[in-house]
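Visitor: Chains A and B supply the protein sequences, listed in that same order.
Here the first sequence stands for residues 1 to 254, where the numbers follow the numbering used here.
Here the second sequence stands for residues 1 to 245, where the numbers follow the numbering used here.
Honestly, I wouldn't trust all of these hints.
[What the hints assert, rightly or not] One side of the interface only, derived from the structure: several residues of chain A facing chain B at Cβ under 8 Å:
| id | residue |
| --- | --- |
| 1 | Gly-8 |
| 2 | Pro-11 |
| 3 | Gly-118 |
| 4 | Thr-145 |
| 5 | Tyr-149 |
| 6 | Tyr-152 |
| 7 | Lys-154 |
| 8 | Met-155 |
| 9 | Gly-157 |
| 10 | Gln-162 |
| 11 | Val-167 |
| 12 | Trp-247 |
[What the hints assert, rightly or not] Under the rule of at most 20 Å between Cα atoms (straight-line distance), these lysine to aspartate or glutamate pairs were calculated in the EDC-like manner:
| id | chain 1 | residue 1 | chain 2 | residue 2 |
| --- | --- | --- | --- | --- |
| 13 | B | Lys-20 | B | Asp-57 |
| 14 | A | Lys-146 | A | Glu-33 |
| 15 | B | Lys-71 | B | Glu-121 |
| 16 | B | Lys-242 | B | Asp-203 |
| 17 | B | Lys-234 | B | Glu-160 |
| 18 | B | Lys-27 | B | Asp-159 |
| 19 | B | Lys-234 | B | Asp-196 |
| 20 | A | Lys-166 | B | Glu-160 |
| 21 | B | Lys-71 | B | Asp-57 |
| 22 | B | Lys-65 | B | Asp-7 |
| 23 | B | Lys-213 | B | Glu-30 |
| 24 | A | Lys-166 | A | Asp-140 |
| 25 | B | Lys-114 | B | Asp-56 |
| 26 | A | Lys-248 | B | Glu-211 |
| 27 | A | Lys-242 | B | Glu-28 |
| 28 | A | Lys-248 | B | Glu-121 |
| 29 | A | Lys-248 | A | Glu-90 |
| 30 | B | Lys-71 | B | Asp-56 |
| 31 | A | Lys-166 | B | Asp-7 |
| 32 | B | Lys-27 | B | Asp-56 |
| 33 | B | Lys-65 | B | Glu-54 |
| 34 | A | Lys-248 | B | Glu-104 |
| 35 | B | Lys-106 | B | Glu-91 |
| 36 | A | Lys-146 | B | Glu-29 |
| 37 | B | Lys-71 | A | Glu-148 |
| 38 | B | Lys-102 | B | Glu-91 |
| 39 | B | Lys-168 | B | Asp-203 |
| 40 | A | Lys-166 | B | Asp-203 |
Treat the hints as calculated values from the structure; they're not laboratory data.
Every residue gets a Cβ at the ideal spot worked out from N, C-alpha and C, and that includes glycine.
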Amino acid sequence: MNNVIQKGWRPTSVLILLLLFWELSSRWMGIPEWLLPAPTAIVQEGISGWSAYAPHLFSTIRLTLTGFTIGSAVGLAVATLLHLIPKVREAVYPLLILSQNIPIIVLAPLLVIWFGFGVLPKLIIIVLVCFFPIAVATMDGFRQTKNEYIHYMKMAGATQSQIFRKVEWPYALPSIFSGLKISATYSVMGAVISEWLGANKGIGVYMTLASSSFRTDRVFVAIFFIMMLSLLFFLLITQLEKWATRWKGENARG
Amino acid sequence: MAKLNIDHVNKSFGDNLVLKDLAFDVKEEEFVSIIGPSGSGKSTLFHLIGGLYEPDDGMIQLDGKRINGQKGAISYMPQSPSLLPWRTLLENVVLGAEIHGKMEEKTAKSMIQKAGLSGFEHSYPHELSGGMQQRASFIRSLLSPQSLICLDEPFSALDEFTRLEMQKWLLDTWEQHQRSILFITHNIEEALYLSDRIILLSDRPATVQREFKVPFTRPRDPSIVLTEEFLKMKQTIHSELKVLL
Ligand SMILES: Nc1ncnc2c1ncn2[C@@H]1O[C@H](COP(=O)(O)OP(=O)(O)OP(=O)(O)O)[C@@H](O)[C@H]1O
Ligand SMILES: [Mg+2]
Chain A
1 MNNVIQKGWR
11 PTSVLILLLL
21 FWELSSRWMG
31 IPEWLLPAPT
41 AIVQEGISGW
51 SAYAPHLFST
61 IRLTLTGFTI
71 GSAVGLAVAT
81 LLHLIPKVRE
91 AVYPLLILSQ
101 NIPIIVLAPL
111 LVIWFGFGVL
121 PKLIIIVLVC
131 FFPIAVATMD
141 GFRQTKNEYI
151 HYMKMAGATQ
161 SQIFRKVEWP
171 YALPSIFSGL
181 KISATYSVMG
191 AVISEWLGAN
201 KGIGVYMTLA
211 SSSFRTDRVF
221 VAIFFIMMLS
231 LLFFLLITQL
241 EKWATRWKGE
251 NARG
Chain B
1 MAKLNIDHVN
11 KSFGDNLVLK
21 DLAFDVKEEE
31 FVSIIGPSGS
41 GKSTLFHLIG
51 GLYEPDDGMI
61 QLDGKRINGQ
71 KGAISYMPQS
81 PSLLPWRTLL
91 ENVVLGAEIH
101 GKMEEKTAKS
111 MIQKAGLSGF
121 EHSYPHELSG
131 GMQQRASFIR
141 SLLSPQSLIC
151 LDEPFSALDE
161 FTRLEMQKWL
171 LDTWEQHQRS
181 ILFITHNIEE
191 ALYLSDRIIL
201 LSDRPATVQR
211 EFKVPFTRPR
221 DPSIVLTEEF
231 LKMKQTIHSE
241 LKVLL
C-alpha cells in the first residue's frame, strides 16, 4: 500500500494539475462547450445522464463479454488443434501469422454486407480481434514447454494426451493469460467499433449520436466509460491470472 | 534370465558417437551401479532404456522382451529433479504412479515423511531447496510401478548426512520390494556400499571398461566403508578411473 502511494503520487498529481488546467482554461478562455467542455460539465452529464446511457452501456458490456468468450474459446481450441496435429500446424500457422497483418476493422464493411446489421457481424468482429492474440500466445506457450518435463513424462510412459493435460497446458497458462489480457482490451474496442457500423444500442451508438448533435460532453462520458470498461476487464483477468498461476511465486517458471 | 540386457548398443548424435558397442546386463533383483567420466554417455544410456531415443544398433531387452524405443518400461529418476512447478510436492511425487492410473497418496505421505520432507507436502518446487527437490524426485521414482528403477545421480545434491540416510532407505526399500536397480553415480564409495556390481564406463564413446563384483554380504552396515577390504576396492576402482581421466 505504501508502495502504491510512493509510486503513484507523481502521476496522480500530474493528472490533477492537467484537469485543473483544463477546467480553468475552459472557464476563463471562453472555449465553446461543443468544442471542449470542462471536466465538471462532463462529470455533471455523467451523473445526470445515467439513465439515458446506462442501457447502451450494458448492451456493450454484454456484447463484449459474449464476443470475448466465444473468441477466447475459438482461439484456445484452434491453438490446441494446431499444436496436437503438427501437419495441420505446418499448413495453417504461417497463414495465421500473415493474417494478423490484416486490420480486422477493415473487414467490417464486408461483414455488414454479408450479415446485415444484427448481432452476428458484430460478434464476428470481436471474435476475430480476440482470436488471434489468444491462439498465437497459447501456441507459443505450448511450444516453449521445457524439454526436461516432456522427457520425464515420455520416459515415465505418459500418453500424448497426458503430456498435453498435465504438462503443456499448465505450462502455457501464463502465456494464455498474456493473450487473454491483450484480447480483453481489443474486445472492448472491437465492440465499440462494430457498433459504429450500425446498431440501435450500445455505447458506440450513443457516441455517434452525441457527436452528430455536438454533445461533446456526452462523447467524453462515452470515452470515459470505454476506458473504464477496458481497465476493469484487464484487472479482472489479471486477478484471475494471479489465482491460476499462484504456483509461480516470485521467480517465474521454476 | 537377465532383467535388463543391453546388447551391443551403439548411439550417436550426429557425428558425436556416444555409446559404442555397449553391452552388459542387470539380473533379477540385482543392484548395479554405473561409474564413468562426465559426458561419457551415462544419461544417454538411460534415455535409451527409457525409450526416449532409439539405439542406432543393437538391442535393449527387458524381461526378455525387446524394448527399443518403447517408453514407460522403467521407473526413472532424471539427473535434474524435473518437478512440475505447478504441482505441490505431494502432487509431484505421485506423478509417476498417476500416469499408470494408480493412486499412491498414502504411501506417498509416509515416504515424504521418511525423506525428511514432512511439512512441505503442499509446497511448490520453487519453495524447496535443490536437495529437497532431488529427494522428491527420488520418491517419485520409488512410487512408480515399474520393476526396474533407473536412478541418475540421485543423491548428488545432498549433504553427507542426508545422503547416508537416503542410501540406507534405498537399500531398505530395495530389500523389501526386491526390484532391480540401475544406479548412476560419480561417487565410488556410494557405488561400493550400495551395489552388487559396478560397471565402469570408458570415456566417450562409452564402452564397458571394467566390471567389479562387490563381495560384501547383505544387509550391509554403513560402517563397512571403514574396513580394509572396502578401502582396497575403492583404491582399485579409483586407479582404474584415473586411467580414464
Ligand atoms: N539430445 C542430444 N543431442 C545431442 N547430443 C546429445 C544429446 N544428449 C546427449 N548428447 C551428448 O552425448 C554425450 C553424453 O551426454 P550424457 O548426458 O549422456 O553424459 P553423462 O555421462 O550423463 O555426463 P554427466 O556425468 O556429466 O551427467 C555428450 O557429449 C552430449 O553432448
Ligand atoms: Mg548425466
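Visitor: For each hint, tell me whether it holds in the structure or not.
Guide: Checked hints:
no. : hint                  : result
1   : Gly-8                 : violated, 30 Å
2   : Pro-11                : violated, 33 Å
3   : Gly-118               : violated, 42 Å
4   : Thr-145               : violated, 11 Å
5   : Tyr-149               : holds, 6 Å
6   : Tyr-152               : holds, 5 Å
7   : Lys-154               : holds, 5 Å
8   : Met-155               : holds, 3 Å
9   : Gly-157               : holds, 2 Å
10  : Gln-162               : holds, 6 Å
11  : Val-167               : holds, 7 Å
12  : Trp-247               : holds, 4 Å
13  : B/Lys-20 x B/Asp-57   : holds, 9 Å
14  : A/Lys-146 x A/Glu-33  : violated, 59 Å
15  : B/Lys-71 x B/Glu-121  : violated, 29 Å
16  : B/Lys-242 x B/Asp-203 : holds, 11 Å
17  : B/Lys-234 x B/Glu-160 : holds, 18 Å
18  : B/Lys-27 x B/Asp-159  : violated, 31 Å
19  : B/Lys-234 x B/Asp-196 : holds, 14 Å
20  : A/Lys-166 x B/Glu-160 : violated, 35 Å
21  : B/Lys-71 x B/Asp-57   : holds, 18 Å
22  : B/Lys-65 x B/Asp-7    : holds, 12 Å
23  : B/Lys-213 x B/Glu-30  : holds, 12 Å
24  : A/Lys-166 x A/Asp-140 : holds, 17 Å
25  : B/Lys-114 x B/Asp-56  : violated, 41 Å
26  : A/Lys-248 x B/Glu-211 : violated, 46 Å
27  : A/Lys-242 x B/Glu-28  : violated, 50 Å
28  : A/Lys-248 x B/Glu-121 : holds, 17 Å
29  : A/Lys-248 x A/Glu-90  : violated, 32 Å
30  : B/Lys-71 x B/Asp-56   : holds, 17 Å
31  : A/Lys-166 x B/Asp-7   : violated, 34 Å
32  : B/Lys-27 x B/Asp-56   : violated, 24 Å
33  : B/Lys-65 x B/Glu-54   : holds, 15 Å
34  : A/Lys-248 x B/Glu-104 : violated, 26 Å
35  : B/Lys-106 x B/Glu-91  : holds, 12 Å
36  : A/Lys-146 x B/Glu-29  : violated, 34 Å
37  : B/Lys-71 x A/Glu-148  : holds, 15 Å
38  : B/Lys-102 x B/Glu-91  : holds, 13 Å
39  : B/Lys-168 x B/Asp-203 : violated, 30 Å
40  : A/Lys-166 x B/Asp-203 : violated, 37 Å
The structure is inconsistent with the numbered hints 1, 2, 3, 4, 14, 15, 18, 20, 25, 26, 27, 29, 31, 32, 34, 36, 39, 40, although it conforms to all the rest.
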